[in-house]
Amino acid sequence: MQAEQRKEALKRLKQERKEAIKANAATAKQQKKDLGRIKERLAQGPATPLEVAQDLGMPPKEALWYLAAMRKYGMVMEAAKSGDYFTYELVPQDPAAC
Amino acid sequence: MPNGDTQKFDSLVLGGGIAGLAAALDLADAGYRVAVVEQDATIGGKMIRLSKVFPTLDCASCITTPKMAAAAHHPNVTLFTMCRLEDAQRVDGQVRARVTQMPRYVDPAKCIGCRQCEYECPVMVPDQEQGGFTARKAIYIPFSNAIPQLALIDREHCMMCGKCSQVCPTGAVDQLQTEQEFIIEADTMVLSTGFELMEDFPQRAYGSPGLGDNVISSLQMERLLAPHGPYMRALRPGDGKEPESIAFIQCAGSRDLQLGKPYCSRVCCMYAIKQAMLLSGALPLADLTIYYMDIRAFGKNYEQFYNNAKAMGVEFVKAKPIIAGNNPGGSVVLRYEDQEGGSGAVSREHDLVVLSLAMLPAFAPEEIVPVSAASDGFITVPQPKLAPTLTEMEGVFTCGAAAGPKDIVDSIAEAGAAAMGAAKYLAAQRGGQAA
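Chains as they are written, first to last, in our numbering: chain A, -3 to 94; chain B, -17 to 417.
Same shape as in the complex, but just chain A (with noise of 0.2 Å):
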């Protein structure tokens, strides 16, 4: 297929999918938003799950949801344990890679 009907193919493929774009574009919006406040929130210190739902009015469920996919991802580790919690922390930016 040639570059220019490709073009035209995503193009009506996205019109096709337009509902679903729309929706997704919406999760992830309010994805990277919870991403933003939790960072902003370990920024200040470690926080168990618990205190991060805590903090930002979200189910524990959740918090801790997001924390063990921005661990997966690279952006927080697990620090001490409070209690019968664990805590996590940010990962410090390396300053050579900026």
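Where hints are given, some of them may not hold.
[Claimed, not checked] Residues from chain A that keep clear of chain B, each with C-beta distances beyond 10 Å, as calculated:
# : residue
1 : Gln(-2)
2 : Asn20
3 : Arg33
4 : Lys35
5 : Glu74
[Stated by the list, open to error] For lysine to any residue, the following SDA-like pairs were computed, each having C-alpha atoms within a straight-line distance of at most 25 Å:
#  : chain 1 : residue 1 : chain 2 : residue 2
6  : A       : Lys18     : B       : Thr160
7  : A       : Lys57     : B       : Gly153
8  : A       : Lys28     : B       : Ser190
9  : A       : Lys7      : B       : Gly153
10 : A       : Lys68     : B       : Pro108
11 : A       : Lys68     : A       : Ala24
12 : A       : Lys3      : B       : His139
13 : B       : Lys302    : B       : Ala279
14 : B       : Lys92     : A       : Lys57
15 : A       : Lys18     : B       : His139
16 : A       : Lys57     : B       : Gly242
17 : A       : Lys68     : B       : His210
18 : A       : Lys57     : B       : Ala279
19 : B       : Lys145    : A       : Ala24
20 : B       : Lys(-10)  : B       : Met375
21 : B       : Lys300    : B       : Glu349
22 : B       : Lys(-10)  : B       : Arg66
23 : B       : Lys406    : B       : Pro370
24 : B       : Lys367    : B       : Ala409
25 : B       : Lys(-10)  : B       : Arg31
[To be verified] Taking beta-carbon pairs under 8 Å as the criterion, some of the chain B residues facing chain A (in silico):
#  : residue
26 : Val73
27 : Gly75
28 : Met106
29 : Ala117
30 : His139
31 : Met142
32 : Ala216
33 : Lys223
34 : Glu224
If you're looking for bench data, these hints aren't it; they were derived computationally from the structure.
Every residue, glycine too, gets a C-beta built ideally from N, C-alpha and C.
Given the structure of chain A, go ahead and fit chain B onto it with the hints provided.
Then chain B, alone, in the frame of chain A:
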């Protein structure tokens, strides 16, 4: 692969779990050309998703990964992942299978598995490979030792922002891929389609879509126990608490006439004991309780394994509890009749409850392959004692959990028998000549 293309093999293995891979490798080592058709994005089946195996407590991944790699690199094995069998019939002495290649939306010839697309993708989706306890992206590689190491796009959650295309160093992303149908012709076929868990048990038994954040399935517990699991340690998914009290409810769906599953799933007793022993190591102070109907420790060294668990302090309670509710603190309330202690109706709370869910067939052969399913839904084997891998279709064999609940040991033993049956059939077809 172009639509309508026909490929010829000596044997077609349907299902790339441990039984299918074992059968495929046995046939391939005997010199036969084998096609492995797998509907998942990776081979490895359920076993690659487990933490350890009973009764040896060997690392499941350490056993499965070499088998997966051996199949991927064997010159006589061709893997077809993300492929769905539409139907298979015997035509002119050959099994003629119509297979649909489902789109990855990533060109497998170009993808190098670098995961740059995954890191860049802005959409997070519950990662079912990790029990839903963490996220993956809308474009992703299923897990770190998946084979093949190829990305795929979850079209349902993709917002087509194009970021994956922008960062892909090889231009592999192809949103315009479509399903492609092709034909596989083979002399024999092995059905190794495995099992699923009764994930809808809460709906079936309680009429509720869920029983709370801290009631999980046995496969979810496998992920919590896996070294590369979602939290990299055993935590309660409802809030991240390190659980102090964990309960296992056996026969959740199995041996239950009301749920239409009168059979025993055969592996639940042993994997619950295994999980309890692993938890005992990970959380030495936790109370571990297994609520059981009967303990069925039938295999070699299984009874010793059960006795070891008791000696380690795992509590066994003969009862069939119901989940009575969840406390505000997240603990789960169980209520049961104390059959052995004589205390009548008892309530107990646990931080985390694991349901040992019934095994269900993962494949319904009706209108796809001319073999029948037995009353339990698993593939019928007409000669279960003398030829447990034979099916009703000439030259078609079955192995593993496709024919009924089975543990890994029995699945692999059966895979060898199915491969031997297929090899004998092939040799007979060719006038007694082996490959």
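The hint names glutamate 224 of chain B as touching chain A; please verify it with the least Cβ-Cβ distance against 8 Å.
Status holds, d = 5 Å.
Given the hinted pair lysine -10 of chain B and methionine 375 of chain B, is their Cα-Cα distance within 25 Å?
19 Å, holds
Are valine 73 of chain B and chain A close enough, Cβ to Cβ, to be under 8 Å, as the hint says?
Hint violated; valine 73 of chain B Cβ to chain A Cβ min 34 Å, cut 8 Å.
Within 25 Å, alpha carbon to alpha carbon, are lysine 92 of chain B and lysine 57 of chain A?
It is violated: about 38 Å lies between the C-alpha atoms, which goes past 25 Å.
Alanine 117 of chain B was flagged as interface toward chain A. Is the shortest Cβ-Cβ separation under 8 Å?
Constraint on alanine 117 of chain B satisfied, holds at 4 Å.
For the pair supplied as a hint, lysine 68 of chain A and histidine 210 of chain B, is the alpha-carbon distance within the 25 Å limit?
It holds: about 10 Å lies between the C-alpha atoms, which stays within 25 Å.
Evaluation of the interface hint that places alanine 216 of chain B against chain A, nearest CB under 8 Å
Violated. Min distance 11 Å.
Pair hint outcome, lysine 7 of chain A versus glycine 153 of chain B [Cα-Cα no greater than 25 Å]:
18 Å, holds
Under the criterion that the straight-line Cα-Cα distance not exceed 25 Å, is the pair lysine -10 of chain B, arginine 31 of chain B satisfied?
31 Å, violated
Quick check on methionine 106 of chain B please, does its C-beta sit within 8 Å of some C-beta on chain A?
This hint holds: methionine 106 of chain B lies near chain A, its Cβ roughly 5 Å from the closest one there, short of 8 Å.
Can we confirm that no CB of chain B comes within 10 Å of the CB of asparagine 20 of chain A?
4 Å, violated
Is it true that the CA of lysine 3 of chain A sits at most 25 Å from the CA of histidine 139 of chain B?
21 Å, holds
Hints 2, 5, 7, 8, 14, 16, 18, 21, 25, 26, 27, 32 from the list above are not met by this structure, while the remaining hints are.
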